[in-house]
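Visitor: The residues making up each chain are set out below.
There are 2 protein chains.
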Amino acid sequence: MDNAATSWPKPPGVEEAMLLYLREEGGNPGRSGHRLSLAASRRIFQVRLALAEFLGVKDPARIIFTQNATEALSLALIGSLNPQDRVLSTAIEHNAVSRTLSFLRSCGVDVEIISVSPRGSLDVTGLESALKRKKTKMVVVNWASNVAGWTIDLDEVSGLVKRYGALLLVDAAQGLGHLPLLLSDRIDDRIDMLAASGHKGLLGPQGTGFLYLGPSSNPRPLIYGGTGSASSSDEQPGFLPDKYESGTLNGPGIAGLGAGLGTLLKEGVIEVARKEACLAATLAKGLMEIPGVKLHGAWSEEKRVLSWLPQHGAEVRMPASKNPVTPADDGTAAESSGGVVNARTPLAGTDVGDGRTPVTTRAPVLGVPGIPDAVAVVSMTLEGWDPAQLAFELDRRYGIMVRAGLHCSPWAHRTLGTFPTGTVRFSPGLYTTPDEIETVVSAVKELAIERKGG
Amino acid sequence: MDNAATSWPKPPGVEEAMLLYLREEGGNPGRSGHRLSLAASRRIFQVRLALAEFLGVKDPARIIFTQNATEALSLALIGSLNPQDRVLSTAIEHNAVSRTLSFLRSCGVDVEIISVSPRGSLDVTGLESALKRKKTKMVVVNWASNVAGWTIDLDEVSGLVKRYGALLLVDAAQGLGHLPLLLSDRIDDRIDMLAASGHKGLLGPQGTGFLYLGPSSNPRPLIYGGTGSASSSDEQPGFLPDKYESGTLNGPGIAGLGAGLGTLLKEGVIEVARKEACLAATLAKGLMEIPGVKLHGAWSEEKRVLSWLPQHGAEVRMPASKNPVTPADDGTAAESSGGVVNARTPLAGTDVGDGRTPVTTRAPVLGVPGIPDAVAVVSMTLEGWDPAQLAFELDRRYGIMVRAGLHCSPWAHRTLGTFPTGTVRFSPGLYTTPDEIETVVSAVKELAIERKGG
Chain A
1 MDNAATSWPK PPGVEEAMLL YLREEGGNPG RSGHRLSLAA SRRIFQVRLA
51 LAEFLGVKDP ARIIFTQNAT EALSLALIGS LNPQDRVLST AIEHNAVSRT
101 LSFLRSCGVD VEIISVSPRG SLDVTGLESA LKRKKTKMVV VNWASNVAGW
151 TIDLDEVSGL VKRYGALLLV DAAQGLGHLP LLLSDRIDDR IDMLAASGHK
201 GLLGPQGTGF LYLGPSSNPR PLIYGGTGSA SSSDEQPGFL PDKYESGTLN
251 GPGIAGLGAG LGTLLKEGVI EVARKEACLA ATLAKGLMEI PGVKLHGAWS
301 EEKRVLSWLP QHGAEVRMPA SKNPVTPADD GTAAESSGGV VNARTPLAGT
351 DVGDGRTPVT TRAPVLGVPG IPDAVAVVSM TLEGWDPAQL AFELDRRYGI
401 MVRAGLHCSP WAHRTLGTFP TGTVRFSPGL YTTPDEIETV VSAVKELAIE
451 RKGG
Chain B
1 MDNAATSWPK PPGVEEAMLL YLREEGGNPG RSGHRLSLAA SRRIFQVRLA
51 LAEFLGVKDP ARIIFTQNAT EALSLALIGS LNPQDRVLST AIEHNAVSRT
101 LSFLRSCGVD VEIISVSPRG SLDVTGLESA LKRKKTKMVV VNWASNVAGW
151 TIDLDEVSGL VKRYGALLLV DAAQGLGHLP LLLSDRIDDR IDMLAASGHK
201 GLLGPQGTGF LYLGPSSNPR PLIYGGTGSA SSSDEQPGFL PDKYESGTLN
251 GPGIAGLGAG LGTLLKEGVI EVARKEACLA ATLAKGLMEI PGVKLHGAWS
301 EEKRVLSWLP QHGAEVRMPA SKNPVTPADD GTAAESSGGV VNARTPLAGT
351 DVGDGRTPVT TRAPVLGVPG IPDAVAVVSM TLEGWDPAQL AFELDRRYGI
401 MVRAGLHCSP WAHRTLGTFP TGTVRFSPGL YTTPDEIETV VSAVKELAIE
451 RKGG
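Residue numbers (the numbering used here), protein chains in the order written: chain A, 1 to 454; chain B, 1 to 454.
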């Protein structure tokens with residue numbers, strides 16, 4: 001129930017890909033010309049290519065591997081902004097953006113924060129008047145909030161930002177893998193930079209993340225050093241991705257990310273979005289009915305909850321295996337799993353297989369109707385309980401692992417009115433079952449009664 | 001034979017520790033309070049503690065995890081130096097230092113390079129006069145050269161640097177794990193910052209590295225963002241290690257690094273140093289006798305070679321297992337392996353065990369006599385062969401994996417006189433056998449004859 005912090009368990013194939021890399025591809029990519037080094041280079045290129053295809057980016061060199069989304073955001077922000085530059089952001093950002101902006105403000109960058117309504121929608125009019133008021137270099141927005149599940153309409157925001165000639169940087173850490181990128185146009189024309197982590201919606205291991213760099217983005221590197229290329233030069237190479245990838249990459253992690261992405265594509269991002277919305281709605285509905293519970297953010301709205309509730313006997317479609325240790329026997333278990341509500345989307349193809357074959361994906365997902373406008377992040381408070389205490393009891397007594405507090409996003413809590421104690425956050429993931437949702441609801445019910453009686 | 005790029009294979013236990021982390025400790029460390037998150041925090045703390053003990057650092061919070069040594073060096077250099085500051089370095093630095101210094105020079109930092117003799121010794125008199133000439137903020141030196149195996153006397157350099165009130169930053173990427181830190185005093189009093197990678201001498205997986213930060217070092221972070229601590233603040237927390245560890249760390253990699261370090265300590269750094277010196281000397285002696293071969297750097301000196309040649313029937317002591325896949329049955333195989341030349345050093349204790357028990361180490365290794373003054377990096381050129389071509393044939397025909405070219409260190413090659421084609425570099429490691437050394441010598445012998453006849 002803490003998949004927004006990091007997805008768990010990892011899907012079948014992630015471990016295998018990491019071990020394969022360690023054992024048989026363990027050279028230093030780009031550093032030597034022997035077989036292990038070439039195998040390592042090849043694997044990393046495959047994953048880069050798969051991510052590029054997943055995003056709908058033509059040139060895989062525009063995917064820059066980082067240790068996490070935070071590093072990607074720091075590279076994009078610190079590398080692009082200079083004193084006197086103006087940057088706009090929103091009142092629901094994660095500390096990965098807000099702390100970086102605070103640092104940049106102390107360097108003389110002009111930072112302005114656009115408000116977000118307590119119901120969650122970005123004040124687009126406010127954004128437009130801020131853009132109109134003064135020449136702006138960059139707008140940085142959170143695609144999906146890690147506190148309240150809110151998403152923003154990237155198409156609408158992008159249209160506005162482009163109209164005023166600014167760069168758009170998207171923090172996709174909580175959105176990518178959970179929702180398709182519903183863009184009306186190629187990502188290159190819509191988004192200038194996109195940062196994401198590999199260990200959340202993309203189902204890879206921790207220690208992975210990336211920054212997509214559009215054609216008009218050219219930040220200074222954060223880190224300088226050996227790239228295995230243009231070795232004779234004292235200058236950082238100017239070409240991508242080497243310019244930004246100094247030092248030895250997390251090869252085993254990137255190989256695992258490739259396998260995680262493969263599983264995601266096998267399941268289908270659209271399927272995943274629908275399944276997670278269904279789980280979130282079921283959870284929200286159950287919690288709503290408990291006296292003393294207050295929901296915050298996207299899944300507090302009854303209309304949204306009702307529209308995603310499983311109805312007419314529909315079941316939540318489960319992925320092939322919950323067990324990350326045992327891969328599907330024949331590699332096709334995903335196809336044969338029961339309880340499928342929606343037909344397999346034709347956009348969800350992949351040939352990742354056993355981690356040995358190339359990772360190939362299909363075109364990006366464009367304009368698919370019926371996709372939720374929120375991710376499966378359900379934030380709540382319970383009368384009489386401190387969020388931290390509630391989370392502790394949920395883990396101790398029921399084995400339910402959730403996150404309590406501010407979730408590194410104080411701005412979002414100020415917006416929601418839940419600052420400073422925060423919320424208890426449930427974030428079901430691909431491997432969460434309807435039974436587990438039921439368990440959560442019963443547990444909260446018991447704790448609610450207990451407190452009232454106590 | 002390319003262990004200077006990345007050690008391979010990884011020792012038993014590394015894979016197991018990574019899998020254990022993924023499966024049973026897979027939470028997001030410091031981000032939530034449930035069991036998986038706490039287990040992740042605990043594992044990372046254990047490895048931090050083990051590294052601190054290994055270095056002889058009291059406070060484990062002074063070990064900052066990074067993705068690699070390059071990131072650690074950029075953090076130390078870019079975070080500490082301002083325009084007008086003066087920094088001294090040497091003519092054998094890796095691009096991780098030299099490219100970063102080039103960037104800093106373009107920002108107005110005053111960079112001066114101290115010469116290194118073609119035989120390899122740092123010009124200490126030159127360093128002293130440079131320190132005397134002008135107030136210097138920092139000196140950055142390569143402990144062990146990745147091209148020529150040269151090491152510098154850290155005690156001597158530190159004494160000099162401290163006398164002039166400058167900070168000492170050590171690039172220990174090629175030294176740590178291969179040689180003990182032979183300091184006459186606590187590391188805190190000798191070295192202000194030390195950067196190392198986890199995947200070379202420390203036998204961990206790629207994607208790991210760290211920066212040790214001494215009490216007088218306080219660089220600006222390179223990366224800003226969520227730390228799971230002091231979440232309500234828009235400012236980066238001021239305390240260590242959080243200040244420098246924004247975003248989700250490479251947990252599986254760090255767990256693997258703990259296991260790699262455990263193996264290293266079980267073998268004993270002193271044993272490893274002696275074994276690797278013995279292998280390097282055997283290799284250098286064999287190559288020296290081949291007509292057309294020219295050796296460069298430390299192992300080109302006959303005196304050094306002779307002093308490390310296995311004599312009087314001595315054998316190279318082999319570690320427990322060459323196979324990283326199969327751990328020792330009873331966890332004690334290291335004790336029972338044959339061919340031990342030197343008694344187990346009492347400094348080499350550890351209780352890493354199966355990756356589940358705490359990683360504990362012993363005090364740092366101080367003043368042990370008979371330790372080589374070079375790491376096992378043997379660089380050569382062969383008359384009539386381009387290094388790249390030679391490396392290709394060694395891999396294709398003999399399965400010998402080496403690195404050819406500049407090894408990301410153009411300055412070192414200018415010093416050696418091997419710029420711009422570079423050298424063929426052999427870097428035997430813990431798991432290299434004497435038989436493999438023999439194979440290399442025969443292979444080079446054949447290729448030397450072939451070329452002469454062609």
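To be clear, the hints were calculated from the coordinates, so they are not data collected in a lab.
Each residue gets a CB set at the ideal place from its N, CA and C atoms; glycine is no exception.
Check before you lean on any hint, since a few could be wrong.
[To be verified] Covered by chain B, per the in silico footprint, the following chain A stretches (three or more residues, Cβ under 8 Å):
hint : region
1    : 10-16
2    : 294-300
[Said to hold, decoys possible] On the chain B side, residues computed to face chain A include the following (Cβ under 7 Å):
hint : residue
3    : E24
4    : N28
5    : Q67
6    : A91
7    : N95
8    : T100
9    : I113
10   : S117
11   : P118
12   : S229
13   : G247
14   : P252
15   : G253
16   : G417
17   : P420
[Stated by the list, open to error] Chain B stretches covered by chain A per the calculated footprint, using a threshold of three residues with CB under 8 Å from any CB of chain A:
hint : region
18   : 263-271
19   : 286-299
Visitor: Are there hints from earlier that the structure breaks, and if so, what are their numbers?
Guide: 2, 3, 6, 9, 10, 11, 12, 16, 18, 19
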